[in-house]
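Protein chains: 2
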Amino acid sequence: MARVLTPRAEDFPRWYQDLIAKAKLADNGPVRGTMVIRPAGYAIWERMQAEMDARIKAAGAENAYFPLFIPESYLKREAEHVEGFSPELAVVTHGGGKQLAEPVVVRPTSETVIGEFMAKWIDSYRDLPLLLNQWANVVRWELRPRIFLRTSEFLWQEGHTAHATREDARAYARRILHEAYEDLMVNVLGIPVVVGLKTARERFAGATATYTCEGMMGDGKALQLGTSHELGQNFAKAFDISYSSAEGGREHAWTTSWGTSTRMLGGLIMCHGDDNGLRVPPKLAPVQAYVMVVKDGDGVSQAAAKLCDALRDAGVRVALDDRTDTAFGRRAVDAELRGYPVRVEVGPRDLAAGNAVVVRRTDGSKAPTPVADVVGAVLAALEADQRALHDQALEFRRSRTVEVSTLAEAIEASATGWARVPWSAVGVEGEAEANGQGVTVRCLVRADGSVPDSEDEPDLVAILARAY
Amino acid sequence: MARVLTPRAEDFPRWYQDLIAKAKLADNGPVRGTMVIRPAGYAIWERMQAEMDARIKAAGAENAYFPLFIPESYLKREAEHVEGFSPELAVVTHGGGKQLAEPVVVRPTSETVIGEFMAKWIDSYRDLPLLLNQWANVVRWELRPRIFLRTSEFLWQEGHTAHATREDARAYARRILHEAYEDLMVNVLGIPVVVGLKTARERFAGATATYTCEGMMGDGKALQLGTSHELGQNFAKAFDISYSSAEGGREHAWTTSWGTSTRMLGGLIMCHGDDNGLRVPPKLAPVQAYVMVVKDGDGVSQAAAKLCDALRDAGVRVALDDRTDTAFGRRAVDAELRGYPVRVEVGPRDLAAGNAVVVRRTDGSKAPTPVADVVGAVLAALEADQRALHDQALEFRRSRTVEVSTLAEAIEASATGWARVPWSAVGVEGEAEANGQGVTVRCLVRADGSVPDSEDEPDLVAILARAY
Chain A
1 MARVLTPRAE DFPRWYQDLI AKAKLADNGP VRGTMVIRPA GYAIWERMQA EMDARIKAAG
61 AENAYFPLFI PESYLKREAE HVEGFSPELA VVTHGGGKQL AEPVVVRPTS ETVIGEFMAK
121 WIDSYRDLPL LLNQWANVVR WELRPRIFLR TSEFLWQEGH TAHATREDAR AYARRILHEA
181 YEDLMVNVLG IPVVVGLKTA RERFAGATAT YTCEGMMGDG KALQLGTSHE LGQNFAKAFD
241 ISYSSAEGGR EHAWTTSWGT STRMLGGLIM CHGDDNGLRV PPKLAPVQAY VMVVKDGDGV
301 SQAAAKLCDA LRDAGVRVAL DDRTDTAFGR RAVDAELRGY PVRVEVGPRD LAAGNAVVVR
361 RTDGSKAPTP VADVVGAVLA ALEADQRALH DQALEFRRSR TVEVSTLAEA IEASATGWAR
421 VPWSAVGVEG EAEANGQGVT VRCLVRADGS VPDSEDEPDL VAILARAY
Chain B
469 MARVLTPRAE DFPRWYQDLI AKAKLADNGP VRGTMVIRPA GYAIWERMQA EMDARIKAAG
529 AENAYFPLFI PESYLKREAE HVEGFSPELA VVTHGGGKQL AEPVVVRPTS ETVIGEFMAK
589 WIDSYRDLPL LLNQWANVVR WELRPRIFLR TSEFLWQEGH TAHATREDAR AYARRILHEA
649 YEDLMVNVLG IPVVVGLKTA RERFAGATAT YTCEGMMGDG KALQLGTSHE LGQNFAKAFD
709 ISYSSAEGGR EHAWTTSWGT STRMLGGLIM CHGDDNGLRV PPKLAPVQAY VMVVKDGDGV
769 SQAAAKLCDA LRDAGVRVAL DDRTDTAFGR RAVDAELRGY PVRVEVGPRD LAAGNAVVVR
829 RTDGSKAPTP VADVVGAVLA ALEADQRALH DQALEFRRSR TVEVSTLAEA IEASATGWAR
889 VPWSAVGVEG EAEANGQGVT VRCLVRADGS VPDSEDEPDL VAILARAY
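Those sequence lines, one after another, are chains A and B. Straight run, no breaks: the first sequence in the numbering used here ends on number 468. Straight run, no breaks: the second sequence in the numbering used here ends on number 936.
Please keep in mind that the hints were generated in silico from the structure rather than gathered at the bench. Where is the CB? At the ideal position from N, CA and C, for every residue including glycine. A few of these clues could be false.
[As the list claims (entries may be wrong)] Below, a list of computed lysine to aspartate or glutamate pairs in the EDC-like style, where the Cα atoms sit at most 20 Å apart:
| hint | chain 1 | residue 1 | chain 2 | residue 2 |
| --- | --- | --- | --- | --- |
| 1 | B | K566 | A | D27 |
| 2 | A | K98 | B | D591 |
| 3 | B | K566 | A | E167 |
| 4 | B | K492 | A | D127 |
| 5 | B | K566 | A | E88 |
| 6 | A | K57 | B | D777 |
| 7 | A | K22 | B | D777 |
| 8 | B | K490 | A | D123 |
| 9 | A | K237 | A | D334 |
| 10 | B | K588 | A | E83 |
[Unchecked claim] Some residues of chain A that are not near chain B, with every Cβ distance over 10 Å (derived):
| hint | residue |
| --- | --- |
| 11 | R14 |
| 12 | G95 |
| 13 | K366 |
[Stated by the list, open to error] Across the chosen pairs, the derived CB separations fall in these ranges:
| hint | chain 1 | residue 1 | chain 2 | residue 2 | range |
| --- | --- | --- | --- | --- | --- |
| 14 | A | D448 | B | F796 | 35 to 41 Å |
| 15 | B | R612 | A | L394 | 55 to 61 Å |
| 16 | B | F796 | A | K57 | 23 to 29 Å |
| 17 | B | R482 | A | R175 | 38 to 44 Å |
| 18 | B | D479 | A | A171 | 54 to 60 Å |
| 19 | B | E478 | A | E247 | 39 to 45 Å |
| 20 | A | K22 | B | E540 | 29 to 35 Å |
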């Protein structure tokens, strides 16, 4: 077979770009750093949204929508926040044919405007917790854009909550981290993320604690796939989000925010993709079984259509490809590129023997299968390959993670993967030194793998890596 | 009961604002003309989206996402389009801390940027039709904003398609008009829209034909709830969207676009709302049955929870209100404001007699109902009230529509409702005269109610009204 993509081992970034273009997932937009998400990419995003939205709602948050435009003055109210975002802002100076009296910024994130409304809506402790989420586009001007990973505009969900106590806020930030983010990433996206605490240097601008889900990509680098923040009372004080307590006093609330974005599409590609294209985990896949008419012949189209119906009846998401005016080989290459978990190839020769061929994207296996058994074979393949993709990724992560005891070893190990090193051997100075060499502390975890409350806890493990 | 809202008859616009504020549907945003859609309003929008999205997909279109920012030069390529939108544009002049070399506009609609990509993606007739849709925010600077009806930023879906022939484009624009828009509005929103053709004066900037769905609001005015446009070859020529035909020649495509927005929320309120608040048609309602614990007592909470489970098992969307620390009267007023189709009130006294009270929002009726019969009663009420709301609106529209034969009569009739008048009695000059008095031609229909192809057809009926 002719080479379709630059092999990963030859040039990983080029492979990534090739794959996005050839699988028709996305294009660069006309304004630098923006992207066009094409139907094949957007369908995956819609499935991510649906799965995430269900988890967020199960955690009790409600969706709302806040404006794209934020008065510049709002961002300035929280000192760290404005400092963190100022260099990335897009500013609207003209509207309706006139220069605006006050320029407005295009939201880079919505803590400030949502803080303003939380302050209006919260009066008493009965109004807490206030659990909000929104699906929206945000803009952060990017100097070195890369599709899905860093774009000037991206799509995301951002949750914003207010609570009566620090403990409640912390519990909720962690609930989303584990029950929504980690669960989605591990069990649907099949990405075995490590969940931990960011160091102070890596925190969100304005947060008192940032938790993260980190995935290992196919080149051994790390990708931050989602973060959940405790904001302490920083935004509550800046926007006067306060409530009268049951005891009658007036208290500032404790807030959180948390977000995941179209960056997850980049993570999916770089975690599961191979030299033939994307591999989409079955639970996520918009099309789980791709039924192909190999070429026309006695009853072939009818058999393919019947298989589609039977698969659909069994709850499988199906698409039919009967474009026999396009060469089968080319269609098969496209199907590999798109990463449909299972292909069912229906052709005259196999059909004459009562068979269709079930091809699994995960391992490339091809099994002639009696037509009556195809549904069962597809269901078994979907089940097995959801697990297989996760397990392959986990095995890869393990094979590329080393335990070391010094900063120098950790920085060296970051050339090919992740290093686990005692945080006490790194510290704030070691972190700055690593950063100078392009290596970051991705997160801190406890020895048992659980998420610490503070970087000051003893016996923490730091995970160091190069990252996107 | 104390008056909750300004009565509609006293001050309709004030009633509308009151309702939105007190039902907590939305707030004004901090930047003039923007809005915050609160959870109660957004939940209705999500249901509209889900129903619309299913219809759009059933019509074969795929979702995609195009950038928020468009180079100013793109808009200038189609003369009527730029003229139509220039006064409403928001312009970004600074990004990433620097002045931009070319200012970018925030999309007021995406014909231009999508045209650019259609040109890249379409090569041969095999690539047609190309059927795209996106859910997005758009910005049109508004001098006299009104929540949901005219806001500087709003949420919508915009469909964009390219076809090989004018006939295909026309058929598709009309398919969306009827199968997606009219069907959703009539059968889910319960708004008996009139579907017709816009006059040349009222067309979308750059279209060759604009079709519309017009609803009558509770004050007799018209609201345009959705439009579908034939764009001819205007954008295809401006962006060079062309294809090689089966015969081997190079042809320009024929394109369409079509959109519906959060404006439908305004239409819903003004079509079905009454002096006690919103009334949401059952098929649309995020909460169809609102089960209220009147006050605590022997087994009351348990009975209410059991009813919730039984209703949920029967496929009803349910919410439980057991906030017995808030006065029941106040909660009932809030439930009326929110417009839940059915309330199920569970209190100690009724329950002692084996009953719960089923309250229908549509007509305010209250029926003590044996607990075992509540599910059946709720299902019957939901079914009946979906129809009842539609029929009431249709009856209202009929009662406020008059058949007249002259322009003067039509303008006079527009003070209280709609006028149907022969288009031949209006014409282009009459239309300008009507416009001067705040009356517009909402659309043209054939005598049999069907949608004309052109305003030059004989025997057309013009519908004149004041409009939002």
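Verification of the supplied hints:
1. B/K566 <-> A/D27: 25 Å, violated
2. A/K98 <-> B/D591: Since the Cα atoms of A/K98 and B/D591 sit roughly 41 Å apart, the hinted pair is violated (cutoff 20 Å).
3. B/K566 <-> A/E167: 42 Å, violated
4. B/K492 <-> A/D127: 14 Å, holds
5. B/K566 <-> A/E88: Since the Cα atoms of B/K566 and A/E88 sit roughly 10 Å apart, the hinted pair holds (cutoff 20 Å).
6. A/K57 <-> B/D777: 18 Å, holds
7. A/K22 <-> B/D777: Roughly 49 Å separates the two Cα atoms, so the pair is violated.
8. B/K490 <-> A/D123: Holds. B/K490 to A/D123 sits at ~16 Å (cutoff 20 Å).
9. A/K237 <-> A/D334: 54 Å, violated
10. B/K588 <-> A/E83: Judged against 20 Å, a Cα distance of about 40 Å means the pair is violated.
11. R14: Given that every Cβ of chain B is farther than 10 Å from that of A/R14, nearest at about 21 Å, it holds.
12. G95: A/G95 is in fact no farther than 10 Å from some Cβ atom of chain B, at 4 Å.
13. K366: Holds, since 28 Å exceeds 10 Å.
14. A/D448 <-> B/F796: 35 to 41 Å: Since the Cβ atoms of A/D448 and B/F796 sit about 50 Å apart, the hinted range of 35 to 41 Å is violated.
15. B/R612 <-> A/L394: 55 to 61 Å: Given about 58 Å between the Cβ atoms, the range holds.
16. B/F796 <-> A/K57: 23 to 29 Å: 27 Å, holds
17. B/R482 <-> A/R175: 38 to 44 Å: Distance hint for B/R482, A/R175 holds at roughly 42 Å.
18. B/D479 <-> A/A171: 54 to 60 Å: Once the Cβ atoms are compared, 47 Å apart, the range 54 to 60 Å for A/A171 and B/D479 is violated.
19. B/E478 <-> A/E247: 39 to 45 Å: Holds, at about 43 Å.
20. A/K22 <-> B/E540: 29 to 35 Å: Given a distance of about 32 Å, which is inside 29 to 35 Å, the answer is holds.
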